[in-house]
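Asker: Chain by chain, the residues run as shown.
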Amino acid sequence: MSQLATLYSSHWIITFLVFFPAVAGLVCLFLPRERIRYWAFTAAMLEFLVSLPLFWTFKIGRVGWQNFVTEPWIPDWGISYALGVDGISLLLILLTTFLLPISVLVSWDQIKEKERAYYAMLLILVTGILGVFVALDLFLFYVFWEVTLIPMYFLIGVWGHERRIYAAVKFFLFTALGSLLMLVAILVLFWLHIDQFGVTSLGYADMLRVEVPGSLQYWLFAAFALAFAIKVPIFPFHTWLPDAHVEAPTAGSVILAAVLLKLGVYGFLRFAIPFFPSAALSQTVLMTMMALALMGIIYTAWVAAVQPNLKKLIAYTSVAHLGFIMVGTFALTSHSVTGGVLQMVNHGLSTGALFILAGFLYNRRHTYEISEYSGLAKVIPVYSGCLVLVALSSIGLPGLNGFVGEFLILIGSFGRHPWITLLATTGVIFAAYYMLPMIRRAVWNDLRHDENRQLLDLSRLELAIIVPLLIMIVLMGVYPKPFIDRIAASAESLSEEIVLIAGQDAQPQQRVVAGDFTGSRAGTQ
Amino acid sequence: MVGVPVLDSMLALVQEATTHERAYVPFLPSWMILLPFIGFVINGAVGYLAPDRRKLVSAVGPGVLGLSFLVAAVNLVLLIAAHDAEPVIRSYWTWMEVGQLRIEAALQLDQLSVMMALVVTCVSFIIHIYSIGYMGEDPGYARYFSFLNLFVFFMLVLVLAANFPLMFVGWEGVGLCSYLLIGFWFTEPAKADAGQKAFIVNRIGDFGFLAAMFALFAYLGTLDFQAVFAIAPRGFEYGGAAVTLITLFLFLGCTGKSAQIPLYVWLPDAMHGPTPVSALIHAATMVTAGVYLVARTGVLFALAPLSMTVVAVVGAVTALFAATIAVQQFDIKRVIAYSTISQLGYMFLAVGVGAYTAGIFHLATHAFFKALLFLASGAVIHAMHHALEHAGEEAGEDVTQDMRNMGGLKAYLPTSFRTAWIGALALAGVFPLAGFFSKDEIIWSAGARGQTLLWVLAVLTALLTAGYITRWLVMVFHGASRVGEGARRYLRAAPSVMLVALVLLAVGSVVSGWVNVPEALPLLPEFTWLHQFLHPSFEAAEHVLVEHMGEPAHVAPLGGGEGTWAVLSTTAAILVVIFTFMALRGKRYLSAREAAEPTGLWRLLYRKWYVDELYDLVIVKPFKALCMVSWRVIDQGLIDGALVDGVAYTTRFGGWVVSRFQTGYVGTYVLIIVIGILIILGAVAL
Amino acid sequence: MLIESLLLSAILFAVGVAGVLLRRNAIVMFMCIELMLNAVNLFLVAVSRYAGIEGQVFVIFVMTVAAAEAAVGLAIIISIFRHYESVDVRNFRLLRW
Amino acid sequence: MDLSQIVFYLFAGVAVASSVLMVTRKNPVYAALYLVLTLFSIAGLFVLLDAHFLAALQVVVYAGAILVLFLFVIMLLNLGHAFEPDIRGRFWWVFAAGLGLVLLAELVAVMRGAPERPEADIVGPLLEARGAVAAVAEPLFQSYVVALEITGILLLVAMVGAVVIAKRKA
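Chains as they are written, first to last, in my numbering: chain A, 13 to 537; chain B, 316 to 1001; chain C, 414 to 510; chain D, 255 to 424.
Keep in mind that the hints were calculated from the coordinates and are not lab data.
Some clues are possibly wrong.
With a cut-off of at most 30 angstroms between alpha-carbon atoms, the simulated DSSO-like pairs for lysine-lysine come out as follows [what the hints assert, rightly or not]:
1) B:Lys-936 / B:Lys-923
2) A:Lys-71 / A:Lys-493
3) A:Lys-324 / B:Lys-902
4) A:Lys-324 / B:Lys-936
5) B:Lys-923 / B:Lys-939
6) D:Lys-280 / D:Lys-421
7) A:Lys-71 / A:Lys-124
8) A:Lys-390 / B:Lys-939
9) B:Lys-902 / B:Lys-923
10) B:Lys-725 / B:Lys-902
11) A:Lys-390 / B:Lys-370
12) A:Lys-390 / A:Lys-126
Here chain A stands alone, though its shape is the one from the complex:
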């Protein structure tokens, strides 16, 4: 037992988690076709089971890195192999490994051609994602960041639907554009570090120490922020997402929505904001980011409300949800950041489940048009029950997971930005406005299409896919404390440190609450 405990506090477990999927993916290429999916599932399940104990071995309340390692890799250029886990990345890692076997199962009967490459891509993608979450060296981070790009491109472009090429190219160009600018910014940081400390390094902690002079900070922040904003995606950069989702195969959509988008928020939390705190928290930048996030919440909710295509609707709701998370991220209070990280997980579960359910419908009728379905509750009640439950979780019904994250984000942000939070809160109204009509049109009403009369309810395989998600959705709504506990310490120290640094650098403009929200402010005892 103690050996196991030692293993789980060492970096080897993380190293294994990161690289095992890629190795398994490569093995896929050499197996007979009919055995690929079994192998992929075994590997995915192994990955998940190995990752699971991390949840308990993670030391709650401890600030700083766990399972940390840093070994020189290419010392001439200051590149090291540095990994570590903290409260912000832990749940995202577990979310990724949790969704991996589910994605494999989702693809089970859906992917019928080029299976070898498909499962290889899926697994390699997970390596990239996990790598981004744990990398603590900018070079390593950038490599993993780019690794996520290519498998996703192929997943959409090869196994997608009709307009897959358009969507894949759009996805690729958007994301590549952002990451190239980020590379430039990383290089600038690299040179600044050499100037200031005389040694080459790209390590995370070293980069934090770099003093970036005045206006350069804004430029570098902009470069990082663009890369992450596209990934999130924040308002004007969001148009690749609906296309990518609509065209991607179900598993692609699941991974894309549930985990890949989180890389953007994670990037903001881990890199963009801590590296350039005074730029990020300067009034102009902060207000711009908040305004864009609000646009994401409100405007995309409007757009989602009129979507005729189920997957597009879900995609737009993703943008809206991530708007909430961005508000929480930039409000930078311990509550809002904790809520933001928790909401990333919640959104991964609910939106992942929504995409899976949309995929189930697609497998039956080969269309995502909502108008093609009606009265589903009558033919496939179990499916409809799942869909309603997941939709409710997505619009933040208290008692289900979505509420907890949203609540923490908003209650945390209110103390610092009351008016912005109020505007963001209107999102809950619009959430009902886009989700319920979809439910009404698809699930309620009478059967209007004869094709739907013969629909089969969820099969055992499909139940096996969706039930774990539903359990998590309810569990995280009713008893989110264990999850919050793991996030809170890191989120708190992160937000406090950044606000402190930014406060030293600039005039403390955004610390005061009550002046904004007129009235007297009482002591809080």
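Based on the hints, put chains B, C and D in the right spot on chain A.
Answerer: Same frame as chain A, now just chains B, C and D:
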């Protein structure tokens, strides 16, 4: 599950409590909530796995509620025995905890919450019994009961929660059940639409609730009821902007849930649900949650006189407004629905002038007589539906529920007829029925707090109420029968389970008023009992009120004491009832198919002041257009078309231009190479 | 003689370029290219007198490459001629995407 | 003006004249022969410029082998008759000449920087000491031996390639 030994121990506890005075120790509080949830799980499972096991469902659905009611009753007795007990908080687990924020899954048991829990479980239990008969032949029987149980679960969470977020869980949860139950017969688009409307309109209110919570936390650093109410008088300046905004946000939540102006529009549509659902959710329990919330947070409202005024004014105006609409409705359920909105207005008027007990009192009595009225109309609809269906005529909702198609039903449905009269008179405020006591206290309180205008509105509403409910009785039960010859033969009284429920509620409608006999009418040895019982819950709020506004007066705006006005008002109500009855009894109504739309002012009322049309024109349509513009013009046109694809097309065009040089002829390439060399060399040479 | 040699190589190169532009016969175009290569060779040799023997070494490489190029090029011309019965460059426009 | 300079100008004149004729003659065979003449002149210039070995190579490889190959191909393809002129129209005459002149001007402009009188002749003494062949061969087989080997491979590849390409398809 609770078995017989538990019942024994329950009895022992009650016995002990009534004989000795002792500190309040809650009796199985979690089971009160858990029982309906267990019912939900069992019925839900049956609904999916074995929808035909109706017996099981009939036993479990009402059974869990009965047990839950017993638990609530025991708790009430225990509370009564322990005079002025402090609230007891039972915490089960920590829901969320980040830094300063700590939200427990905790129940608060005090006079107010246990009293509410008792009303909720009692009315729910009776309505569950009624549903056995009413929904007996529905294919979604198990699903219906599982939703209904789930509703009671959430309602109890709402009532018993010890902090705002947990209350919000119940708050949204009951909204969800309301959504599911309004749209219970989801295959009909109108019903699915109505459910959706209810949910979305309620969400607007929920926005207010959320915002209030955020602000409360920002100012006070806690969301537990006890802590908030303890800190608030010191933490907030009296009448300050902060507390005013917070309470206004809370009240926005209330207008949504309790169907007040401006968010009342969903409630009439909610009548599309099964009638027992209308009785339980949209009359007796859920819609009163707003009143409960204002009463619960009385301290905060007391600190914000402006919000108090807003609450009272909105309440009074809604009361009158809805009553006017009720006068010209022909749908049997819609009349009562508008009546509900109107009565809720009364309750808000009460809590808005600081008469919290009066508000809760009316809430309780209203729960009985309004549920009774709904269930009686349910019995009528059931009979009409049955008759028309057997006669082979069209039996849609618009036919079976239109009062112009009824009339003279007293001969066929005697029990419903008698109980409906009890309910109607109670609603009209006729002595000695429940409504008399509670409504009278509200009107009196409004006057006593010096709100003369609101007092006038309330009195007017009372007269209108007596009028429209008499009209309702006459149109349904009296006069000549307008039911077709063929169908009339099939009119049958409802199953006995339904009648039992009617009788039980009728008893409640008679008795429940006597728990709070006013001081001015010394009819019982112990007057204002409810007031005294609830005193601990409202003590703090009343203290603040008295401190800043002084004691309420003892004379009405036009002079005269409480007793005088009580006698006056019941006399007036009786007169209006008699007058209306006489005036309408002989009137001949055309059946719905032949009747023309009313004209003049009547049409304005018949069309509900055109509010739905106005909302549609001013809010819904522009908003839909806005959504469409956002998508088509901004998202697809501007961002995706002009910017994203624009860049792509520009690049592609550039590529096309350059590709024109790729002629494939060696000569062209040579030429281009040479020109290139010349240019480079030229640059070097110069 | 350095200046003169350089000038001569420039002239020969220019003539070669003009020839390539002027002619349509693939073989003659090839010969013009050979001329240009020789101009460069001349340049290298002229400069190598003062810069070192490497210039001459380099000319050897140029010659080899020229020989290889001539061999492959002429082979291509033959195969094209087989197809089009012509070596006129107007007739073939294969050098496209 | 000493003898070597006279010879230089003689060869230079022949080279320029024959190259111009090569470009302008219609018949490919004539063009090839004029090219041979040019190459010979250049070989002569090589001698004057102290590159005796290269001069020999020029005559043997270029004039001897490559040009024979050209002539061989021309005759193989039976192009010697010039059924139609392969020279472009009048516009192209002017255009090509113009471009050529511009190029010439630019080359001259670039080469302006060359020293009027270079200070030391390096190659002359080397040839004296080592002999014409060894002077070139030593760097070729020592410093540049890798490049030389690669060149050998290039020739092999070119040979194989030429055979494959020119082979008549079955």
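Asker: Compare the structure with each hint and give your call.
Answerer: Here is how each hint holds up against the structure:
{"no.": "1", "hint": "B:Lys-936 / B:Lys-923", "verdict": "holds (19 angstroms)"}
{"no.": "2", "hint": "A:Lys-71 / A:Lys-493", "verdict": "holds (15 angstroms)"}
{"no.": "3", "hint": "A:Lys-324 / B:Lys-902", "verdict": "violated (58 angstroms)"}
{"no.": "4", "hint": "A:Lys-324 / B:Lys-936", "verdict": "holds (23 angstroms)"}
{"no.": "5", "hint": "B:Lys-923 / B:Lys-939", "verdict": "holds (23 angstroms)"}
{"no.": "6", "hint": "D:Lys-280 / D:Lys-421", "verdict": "holds (29 angstroms)"}
{"no.": "7", "hint": "A:Lys-71 / A:Lys-124", "verdict": "violated (43 angstroms)"}
{"no.": "8", "hint": "A:Lys-390 / B:Lys-939", "verdict": "holds (29 angstroms)"}
{"no.": "9", "hint": "B:Lys-902 / B:Lys-923", "verdict": "holds (23 angstroms)"}
{"no.": "10", "hint": "B:Lys-725 / B:Lys-902", "verdict": "holds (17 angstroms)"}
{"no.": "11", "hint": "A:Lys-390 / B:Lys-370", "verdict": "holds (23 angstroms)"}
{"no.": "12", "hint": "A:Lys-390 / A:Lys-126", "verdict": "violated (37 angstroms)"}
In terms of the numbered hints stated before, the structure departs from hints 3, 7, 12, listed from lowest to highest.
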